[in-house]
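**Q** Protein chains in written order, with numbering that gives the first Met the number 0: chain A, 0 to 277; chain B, 0 to 334.
If you are wondering where the hints come from, they were derived from the structure by calculation, not from laboratory data.
There may be inaccurate statements among the hints.
Said to hold, decoys possible - To be clear about the criterion: a stretch of chain B counts as covered by chain A if any three or more of its residues have a C-beta under 8 Å from a C-beta of chain A, and this derived list gives those stretches:
(1) 66 to 78
(2) 179 to 188
(3) 208 to 216
(4) 311 to 321
Unchecked claim - Chain B residues, not near chain A, derived (Cβ > 12 Å throughout):
(5) E2
(6) L21
(7) P59
(8) V133
(9) G157
(10) A219
(11) V221
(12) A265
(13) R268
(14) S269
Stated by the list, open to error - Have a look at the derived ranges for each label pair, beta carbon to beta carbon:
(15) A:D118 with B:S269: 35 to 43 Å
(16) A:G242 with B:R63: 36 to 44 Å
(17) A:Y107 with B:E286: 23 to 31 Å
(18) B:E154 with A:R34: 42 to 50 Å
(19) A:T20 with B:P142: 40 to 48 Å
(20) A:D105 with B:G17: 51 to 59 Å
(21) B:N104 with A:E144: 48 to 56 Å
(22) A:V4 with B:E302: 54 to 62 Å
(23) A:E144 with B:G17: 40 to 48 Å
(24) A:M114 with B:P142: 29 to 37 Å
Just so it is clear, the structure is predicted and the values come from calculations on it, not from any experiment.
All C-beta atoms in this analysis are idealised placements derived from N, C-alpha and C, irrespective of residue type, glycine included.
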Amino acid sequence: MSGDVVLDVAGVTKDFGLRQTLTERMTRQEKAVHRAVDDVSFSLRRGEILGLAGGSGSGKTTLARCLIRLVEPDAGAVRLGDADMLAARGGELRELRRRMQMVFQDPYASLNPRMSVGDALLEAGRVHQRPGAEDGDAFVSALLERVHLSASFAARKPRELSGGQRQRVAIARALAVDPEVLIADEAVSALDVSVQAQLLRLFVDLRAELGVAIVFVAHQLAVIAEVCDRVAVMQTGRIVELGETAAVFQAPQHEYTRALLAAHPQPDPARRMRAVAA
Amino acid sequence: MTEPLLTIDALSIGFGAGDEPLRAVRHVGLDIAPGEIVGLVGESGSGKSLTCRSVMRLVPAGGRVLEGQVRFDGRDVLALGDGDLRSLRAKEIGMIFQDPFSSLNPVYRIGDQLMETLRVNRGMGKAQAREEAVALLERVGIPEPRRRLLAYPHELSGGMRQRVMIALATASEPRLLIADEPTTALDVTTQAQILELLLEMRERLGMAILLVSHDFGVIAQVCDRVAVMYGGHIVETGPVETLYRDPQHPYTRALLESVPELEAAARDRSEVPRAGIPGRPPELGEELPGCVFAPRCPYARPECEAVSMALVPVGTAQASACPIQPFRTTEAVTA
C-alpha cells in the first residue's frame, strides 16, 4: 500500500495571529493565535479521491492551501512522491506545483478575463514545457475534449461561459500540466445541482482515465458521498474522523460527524429532521 | 378551501425598455394560504428570486412587471400608493435574504435597529421597545438577549445574524414571511437550526412563508407545498411529498435525480455516478417555441413545440406544465 502513496501529509500545523487591540499592542501582550490546522496527517493513494469535509472555519481550505504552499505551514511535512514539498525552493517548487494542481471554487476569479480559453490552456502547457504544447491547437482541443467541451470553446473568453463550463476550463488548465494530484477546493459548491452532477462525474472519469488522485474539499456531505473513496472530517483544525466513505457515513464514530450527518437536509420529505427534534 | 393570503396571477417580469423586453418571469401563478409554507425551487436564473421580490415590489432597477397581478389579502399590491406600500412592507410582509450582513446596518447596534423598527412600525415608546426587542431576540433563540442588544452585526456569527434578521422581519408579526435563500450562506448545522426556527415561527404566529431555495433538501425539510421553476415558468406544483415521490414534469424528475445523496456513499465506487441534466438552461430573453425544457428533455417529441406551459392538473393537488405526461401511470390517473 505504501508504494502507492502519492501524497503523504504528516503533522501539518498552521497558526494565524489574531489582530491585537491597541492596548494589547501597547502593553506588549503576547499575540493570541488561532490554530487553523492542528497536527493533520493523512496519505493519498494514486487514483484515490479523498474528501475533506467540515463546517466553515474547520480548517479544510487552509489545509488544502498548505499542501501546495499557498499558505506556508508552521510545522509538519508534506511529501509528494519522494519530494519534500516544504523544503523545495525556486524551480524545484515550481515543478512540484506542476505535479499538484489546484481548482478553486470560483473559476471566474481564477481565469484571466482577458485571455481566451485556448490561450489560458496553452500558457499553462508552455510555462511548464509540456510535450505537445508546441502544437497549440491540437494541445488545446485535446484538453477541452478531456473535460467534454468542444474545440470551439478555445476562442471564447471566460465571460462567455456558464459557471459549469468555466469550471471545466479551470479543470482543463490544471490538467494541461499532467498533475499527479488535483486539489479541488469547493470546486462544485457554487454550481446548480444539474451542473454539479456533471462535474462530479467528470472528476470520477478523470480519475479513471488519468489515474490522478484528488483531494476533494466540500462542505456538502452528500457531494462527498457521491465521489469520494475515503473521507476526512475536520473540526477546529483537526481531522476528527477518517475512513472509507461508506463506513464513515453508515457508522460515524465521532460526535461531530454524527451532527453533520443529522443536519444534512434530506430531499425526501418523509425524512425531515423535525422528526428527530420532536 | 380558505381564501388565499397571497395570490400571484399570470405574472410576467421583463428587463429592458421598449416593446420587446427580455422576459425573466413568464405567466407565473401561485397561491399561498394563511399559515402555509410554500417552497419555490429552481436553479440559478429560473426567475424564483424575481418572483418573490415582486410580492414586495422589490424588482431590481431595469426590471418591471409586464403583466399580471399580485394580490395580498384582497389588495392589489402592484397598484398600492407609497403610503400603503410602506405599511405593507412594514407590518404585513417580512422578508429575509441570503446574506444577513448586507441587510443589517453595520454601524448600528442590533438593539437600536430592532427598537427603531418597533418604535416606527408598532408605535412603541423607548422602554417598551427595549423590552420587546429582548423578547424578540429571545424568541429567535439568541442567548443573553439583553447583552446582545449592544452588539454590532459584525460581532455576531452568520447564524446569529440570520436570527437577528428573522427577529427584525417578524417584529411586526407579519402574516407572510418571504425567505429568499435564507440558509444558503450557512453551515448545515446552523441551517438546520434556522429551518427549525422558521417552523416554530409559523406555529407561534400562524405566519405563512414563501421559501425560495435552489436546494430541494431545504425545501423538503419545511414546506407543505412546492412550486418548481425553470426558464421563468412554474413547471410543476404540488404537495412536497407527492411531488418528491411522483414528479410529473420531466424537469422536476431530472432535478430530483441530480440532487446528491448521502446514500451514494454506499454505492460501489466503480459505478458511474448520477448524470445531471445535459445542455444548458435558456438564457434571459431566449424565446423557445413551446416547452422551454424540451431541448434538454429526454422525453421530448415534435408536439413539444406547441406546448403552452400552462399548468395542467394531475390528480387532485398536483399540476404540471407537461401535457405529454410521460410518467403518468394508470394508477396515478385513478388516484
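**Q** Would you mind marking each hint as holding or not holding in the structure?
**A** Do the hints match the structure? See the list:
1. Chain A is given as covering the stretch 66 to 78 of chain B, and this is violated because 0 residues of the stretch bring a CB closer than 8 Å to a CB of that chain, at least three being needed.
2. Requiring three or more residues with a Cβ within less than 8 Å of a Cβ of chain A, the coverage given for the stretch 179 to 188 of chain B holds, as 3 such residues are present.
3. Interface restraint, the stretch 208 to 216 of chain B with chain A: holds (4 residues with C-beta to C-beta distance below 8 Å; minimum three).
4. A count of 0 residues in the stretch 311 to 321 of chain B with a Cβ less than 8 Å from any Cβ of chain A is obtained; the coverage claim is therefore unmet, three being the minimum.
5. The Cβ of E2 (chain B) sits about 26 Å from the closest Cβ of chain A, beyond the 12 Å cut-off, so the non-interface label holds.
6. No Cβ of chain A comes within 12 Å of the Cβ of L21 (chain B); the nearest lies about 17 Å off, and the non-interface call holds.
7. Every C-beta of chain A lies more than 12 Å from that of P59 (chain B), the closest at about 20 Å, which supports listing it as non-interface.
8. Taking the minimum C-beta to C-beta distance to chain A, about 25 Å, the non-interface status of V133 (chain B) holds against the 12 Å cut.
9. Residue placement check: G157 (chain B) does not keep its beta carbon more than 12 Å from all beta carbons of chain A (closest about 8 Å).
10. For A219 (chain B), the condition that its CB be more than 12 Å from all CB atoms of chain A is violated, with the nearest at approximately 4 Å.
11. At roughly 8 Å from the closest C-beta of chain A, the C-beta of V221 (chain B) falls inside 12 Å, breaking its exclusion from the interface.
12. Taking the minimum C-beta to C-beta distance to chain A, about 5 Å, the non-interface status of A265 (chain B) is violated against the 12 Å cut.
13. The claim that R268 (chain B) is not at the interface with chain A is violated, since a C-beta of that chain comes within 12 Å of its own (minimum 6 Å).
14. In this structure S269 (chain B) is not separated from chain A by more than 12 Å, as the shortest Cβ-Cβ distance comes to only about 9 Å.
15. Against the hinted window of 35 to 43 Å, the Cβ-Cβ separation of D118 (chain A) and S269 (chain B) comes to about 37 Å, which satisfies the hint.
16. For G242 (chain A) and R63 (chain B), the hinted distance range of 36 to 44 Å is not satisfied, since their beta carbons lie about 55 Å from each other.
17. A C-beta distance of roughly 27 Å is found between Y107 (chain A) and E286 (chain B), which places it inside the suggested range of 23 to 31 Å.
18. Separation of E154 (chain B) from R34 (chain A) is about 22 Å and departs from the stated range, judged on CB atoms against 42 to 50 Å.
19. For the hinted restraint 40 to 48 Å between T20 (chain A) and P142 (chain B), the CB-CB distance of approximately 24 Å leaves it violated.
20. In this structure the hint that D105 (chain A) and G17 (chain B) lie 51 to 59 Å apart at CB is violated, the actual value being about 34 Å.
21. In this structure, N104 (chain B) and E144 (chain A) meet the distance hint of 48 to 56 Å, their C-beta atoms being roughly 51 Å apart.
22. The hint said 54 to 62 Å for the Cβ distance between V4 (chain A) and E302 (chain B), and at roughly 57 Å that hint holds.
23. A hinted range of 40 to 48 Å for the beta carbons of E144 (chain A) and G17 (chain B) is consistent with their spacing of about 42 Å.
24. Between M114 (chain A) and P142 (chain B), the C-beta spacing of about 51 Å breaks the proposed range 29 to 37 Å.
Consistency note: the structure conflicts with the earlier hints numbered 1, 4, 9, 10, 11, 12, 13, 14, 16, 18, 19, 20 and 24.
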